[in-house]
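**Student:** Based on the sequences and whatever the hints tell you, model everything.
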Amino acid sequence: MTGFPLTRRDLLRRGGLLGLAVTAGGMLTACGGGDPAPAAAGGKPGGVLRVGATGGGAKDTLDPHNPVTYPDQARCLNLYEPLFTRNAKYEIEPLLGESLTPSADAKVWTLKIRSGLTFHNGKTVDADDVIFSLRRILDPKQPGIGATGLAMIDGGALKRVDATTVEIPLKYAYSVLDDQLAQYMMGIVPVGFDLTKPVGTGPFAFKDFAAGGRSTFTRFDNYWRDKALPDELVIIDFPDDTAKVNALLSGQIDCLDNLPTSQMDVVKAAGAQVLISETASWTPFTMRVDSAPFDDVRVRQAFRLIVDRPQMVAQALNGQGRIGNDMYAPFDPAYASELPQRHQDLDQAKSLLKSAGHESMTVELVTSSGIGSGAVEAAQLFAEQAKGAGVTVQIRNTDSATFYGKDYLSWPFAQDYWFTRSYLPQVANGSLSTSSFNETHWNDPGFVDLIGRAQRELDKGKRTDLLKQAQKIEYDTGGHIIWGFKNQVDAYSAKVTGFVPDRNMPLSSYGFRSVSVST
Amino acid sequence: MNGSWSRAFRVSLRYPRTWAGLVLTGVIAVVALLGPLLAPHGPNDIVGRPYAKPGGKAAFGTDYLGQDVLSRLLEGGFSVLVTAVLATVLGMVVGVVAGLVAGYAKGWLDEVIMRLTDVVLAFPQIVLALVLLTVAGPQQWLIIVIVGLSHAPRVARLTRGMTTTLATREFIQSAEAMGEPRGRIMFGELLPNMSGPLLAELGLRLTYSIGLVASIGFLGFVADPRAADWGMMINENRLALLVQPWAILAPVIAIAVLTVGTNLVADGIAAAAANADQNEEASA
Amino acid sequence: MSRSAPEPGRAWTKWLLRRLGLAALTLWLISIVVFLATNALGDPARAILGRSATPERLAALQARLHMDQSIVERYFSWLGGVFTGDLGESLTGGGSVGALIGPRIANSAVLVLIAAVVIIPVAGFLAIVAARRHGKRTDSLIQVIMLAVAALPEFVIGILLVALLSTTVFRILPSVSLSAGGPPWTNVQAMVLPVLTLVLAVVPYVSRILRASLIEVLESDYVEMARLKGLPEGLAVRRHALANAVVPAIQVMALQLAWLAGGIVVVENVFQYQGIGMTLVDAVRNRDLPVVQALALLIAAVYVVVNLIADVLTILVTPRLRTAVR
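Residue numbers (the working numbering), protein chains in the order written: chain A, 1 to 519; chain B, 1 to 284; chain C, 1 to 326.
No lab work stands behind these hints: they were computed from the structure. C-beta atoms are modelled at their ideal positions from N, C-alpha and C, and glycine is treated no differently. Hints may be right or wrong, so weigh each one.
As the list claims (entries may be wrong) - Residues of chain A clear of chain C, computed beta-carbon distances all greater than 10 Å:
no., residue
1, L62
2, I92
3, V108
4, T164
5, Y172
6, R219
7, K268
8, V297
9, A334
10, K350
11, E359
12, L432
13, R453
14, D465
15, T477
16, A494
Said to hold, decoys possible - Okay, derived cross-link-like pairs now, DSS-like style, lysine-lysine, Cα gap no bigger than 27 Å in a straight line:
no., chain 1, residue 1, chain 2, residue 2
17, A, K268, A, K495
18, C, K14, B, K106
19, A, K141, A, K159
20, A, K89, A, K227
21, A, K268, B, K53
22, A, K387, B, K57
23, A, K354, A, K472
24, A, K207, A, K227
25, A, K227, A, K123
As the list claims (entries may be wrong) - A few chain A positions that, by computed beta-carbon distances, are all more than 10 Å from chain B:
no., residue
26, K107
27, Q142
28, Y223
29, D231
**Tutor:** Listed below in structure tokens is the structure:
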């Protein structure tokens, strides 16, 4: 039993895009219908789509601003819609919003929303609903998980200009507000939202819901884009992988997210389809740069040379991934792809360890199946690979609650999991002393200086140059061992068409609207 | 004292099922003890892609990480056997001592011990296992203690029952009259006279221990995730039942043969002990 | 434990009262162990808040959970709640524990009862067949199969059944219990595998014990007498042997029912059956202490109560014991 693949901290991570990034300052406008749905040729309307979603339990919620697990996300993405969204290529697109225009100092933004949108209960979407939703997320008494990401917004000063225009004043200049508003936990709900009768603008409307069990949604016929194909959507929790795969094989569900890679052949042999999406999600080893023995840069460098990256991808990810080069955010245009790929070099590692006075050493590696699939496997492989350099790795396998408990972010040598993200938002989340999740305690003065300059730099070429210099520092001396990037693997039965690979979230970012089921 | 135990065992050898059980148990015990010397690969060597079918370097195929199933099977019996045996011994020792004391001392001590066994029996062991192993982490000694203590109450009740019956017998009465110390009466006189039933109970408890240890592994409580261990192999390769069934069937069969074997031996000893009782009653 | 029982009626009442008192004492001791063990899981406030545990939020939540009180105070307020039917609030689900576990208890109860209803005739049938062919080949065959099945941990039985009947060899039964809608037991097909697993896990024990007591009775004097009187064998078995095997049957069924209350934890997890077992594992992982406490106490109570009923029934069906009761 692999336990719960998504942890409390994952959600904080997804929501916690702390604002420092300055990437595409300026105006972002909707063009045309803004419908990113793939052309599902021949998609037939009707039928019931039954979805197996990984995880879930008694904590399940329909709260648009507090989705925790994969089932929560699947439900929220079909009930509610945010102002902006990310498409399959991980680019930002407008959704309920139409445009977002900054003032000259980027401290006041003007949001235009689409006109003529209606909620499931027939009410028209109004600027007041947007203000209500943003304040609901920011509510200090019960903040949504996206609250940290919107910390720059001055919630009290939000102003309705007219029925489709909202003025958003910020506490400090911030240039990628659209990035924050495109998070899936930023859904827009009507004023006076009642969680027992949840109402949104999504392609499916609420029918029933049981925490830890199944929930049902019906097609929303007044949906503003192309109506959903299935008449009904059923989302079922599966905390257990075996049961999930068995349910697909025995025809009890039509699709599932997070197929264990070992089951790909089984699923194919049974006539079902596997959906593989390249992502930039990573499961690094994290070495605390301020604690022995990893405060010695030579030990960190040696450990990075110990890893056999192709073996990691082949064995821990069952080949479903790409090797990494100790740098994150490979989809970012500024990614330092010119730095040479690092390979296993045990002799070099041994001599580095010798010069650091650790000819034979023993370290404890803390892992947990709660980190995500492949984490414990990678830890085991690392322990075996480290033998070659005279390093004894003792693995401590903890449960999720222990790993992410009070000692999280203090483990000297552990692992972690990060979703796809571009470079500056990732730095803001994990590589600065102010970051919420700086597992390696990374605080390099030169690095901090480069990042600060990059944030103020509006010229794209110059900024890219600064970011590449920052990546070089992490590549040479950082505390992460980034051995690979994991593919997202999902599965669907032969009865189903319309899923496409998506860099953002599982099962075409849970886009069940364009999926058709034949009966 | 040794005499009565070996005699109880020798008598059971008249039953074919004891022999069958001994052979099955013996085969698995040999595999478990000598296996590590025979394994073609190290338990953590990567010999192929994950869940490769049998053939080539891996006669039983590979597991979830590309390790050799055969080598891990040969390596993995030792910890199951040792854990189960230690847990059984712990449970038997605690249970027998508690039962002897309760049955012989009687009075308030008897009451206290019996109430304690009530509590342990009624306490859902799976909850205790889940909670303790979650708190302390899956430590081998803790698994031994949990499994062992879960056996103790039933052993204690069995022992107490026999003790109260035996205590009324003449030879105990006369030993008491001669002023023999109570400790010597309990362990020197009473205990040897229970050798048959207790030996049968030992076999039964061993059978349950193996299953319990495997179940704890199945629930995901694993001390060292790298070590080969039959119970753990079932857990870690659970997904492979359809892909590479040997990864899970090999340890399942090993555990099944072992438990069937110990069960048969226990059955044979129990039958021998029951017959001995009847003979004794007939001659009395 | 007085042996002077002049009047059977009063002795019987006395025995019953003592037995009830012991059951209550056992449950009380268990409540202490449950409370201490669950509190060892650590500070639930910290576990709930996780990364968002600012000192103020931590203090506020600890106060709400009464973590600022001493453990003795908390124990007695919890125990008081148990008696008034207030099991507290689930730390993760938000609602009351009673509302959360109520339907799960019903689901598990249905599963256990269906299994029990199947187990009794199956085990009885196997025991009678084996006992009547005592020492012959049919008996040995049944005994070997029972020994082998009994040797398999229940999760292994479950996995093998899924492979056999649901996903590989035959695809005739659903493998999980969830997708039906409504309570899981309304989907009859989905109940087959969990029930079958429990039946296979329990039948060997029950049938072996029944067989042993049947053989004992069949070889006893009065069945021999009945035979000598010319009663046909079948009648002898039905009339005498079965009646005298009722007591061990009650005891072993009680033991197995009590075992089922805890044993379904693993089976429910294999089949994703929404009962107390799945809820319990979920609650331990989430450190949802009130739910763990309530379920642990419940499973213990089932054990104690079932055994109590079995003891009372045993006395009632055995006239000899009813008068000899101390």
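**Student:** Taking the hints in turn, state whether each one holds.
**Tutor:** Going down the list of hints, with the structure as the test:
Listed as a non-interface residue, L62 of chain A keeps its Cβ farther than 10 Å from every Cβ of chain C; the least gap is roughly 12 Å. With a least beta-carbon separation of about 26 Å from chain C, I92 of chain A lies farther than 10 Å from that chain, consistent with its non-interface assignment. Look at V108 of chain A: its CB is around 29 Å from the nearest CB on chain C, clear of 10 Å, so calling it non-interface holds up. Its beta-carbon lying about 34 Å from the closest one in chain C, T164 of chain A satisfies the requirement of being farther than 10 Å from that chain.
Remark: the non-interface label on Y172 of chain A is consistent with the geometry, its nearest Cβ contact in chain C lying 21 Å away (cut-off 10 Å). Non-interface status of R219 of chain A relative to chain C is upheld: no Cβ of that chain comes within 10 Å, the nearest being about 18 Å off. Listed as a non-interface residue, K268 of chain A keeps its Cβ farther than 10 Å from every Cβ of chain C; the least gap is roughly 14 Å. Interface exclusion of V297 of chain A from chain C stands, the closest Cβ pair being 29 Å apart, more than 10 Å.
No Cβ of chain C approaches the Cβ of A334 of chain A within 10 Å, the least distance being about 29 Å, so the stated non-interface status holds. The beta carbon of K350 of chain A is kept farther than 10 Å from every beta carbon of chain C, the shortest such distance being approximately 38 Å. With a cut of 10 Å on Cβ distances, E359 of chain A stays outside the contact zone with chain C, its closest approach being about 38 Å. At roughly 17 Å from the closest C-beta of chain C, the C-beta of L432 of chain A stays outside 10 Å, upholding its exclusion from the interface.
For R453 of chain A, the condition that its CB be more than 10 Å from all CB atoms of chain C holds, with the nearest at approximately 30 Å. For D465 of chain A, the requirement that its beta carbon stay farther than 10 Å from each beta carbon of chain C is met, with the minimum near 34 Å. The non-interface label for T477 of chain A is consistent with chain C: the shortest C-beta to C-beta separation is roughly 27 Å, beyond 10 Å. Annotated as non-interface, A494 of chain A keeps its C-beta farther than 10 Å from every C-beta of chain C; the closest such distance is 14 Å.
This hinted pair checks out: K268 of chain A and K495 of chain A have alpha carbons roughly 13 Å apart, not beyond 27 Å. Pair hint K14 of chain C plus K106 of chain B holds up; C-alpha atoms about 21 Å apart against a cutoff of 27 Å. A C-alpha spacing of about 22 Å is found between K141 of chain A and K159 of chain A, which places the hinted pair at or below 27 Å, so the restraint holds. At roughly 23 Å between alpha-carbon atoms, K89 of chain A and K227 of chain A fall within 27 Å of each other, so this suggested pair holds.
With a C-alpha separation of about 17 Å, the suggested pairing of K268 of chain A with K53 of chain B holds against the 27 Å cut-off. Between the alpha carbons of K387 of chain A and K57 of chain B the distance comes to roughly 22 Å, so the proposed pair stays at or under 27 Å and holds. Distance hint between K354 of chain A and K472 of chain A is fulfilled; the C-alpha atoms sit about 25 Å from each other, no more than 27 Å. Straight-line distance between C-alpha atoms of K207 of chain A and K227 of chain A comes to about 17 Å, which keeps the hinted pair within the 27 Å bound.
Restraint check for K227 of chain A and K123 of chain A: satisfied, since their Cα atoms lie roughly 18 Å apart, inside the 27 Å limit. In this structure K107 of chain A is separated from chain B by more than 10 Å, as the shortest Cβ-Cβ distance comes to about 49 Å. Separation of Q142 of chain A from chain B is adequate, the least Cβ-Cβ distance of about 29 Å exceeding the 10 Å criterion. Every beta carbon of chain B lies more than 10 Å from that of Y223 of chain A, the smallest distance being close to 38 Å; the non-interface claim holds.
Distance check for D231 of chain A against chain B: the nearest CB is about 32 Å away, which clears 10 Å, and the non-interface claim stands.
Against the hints set out earlier in the document, no violation occurs for any number.
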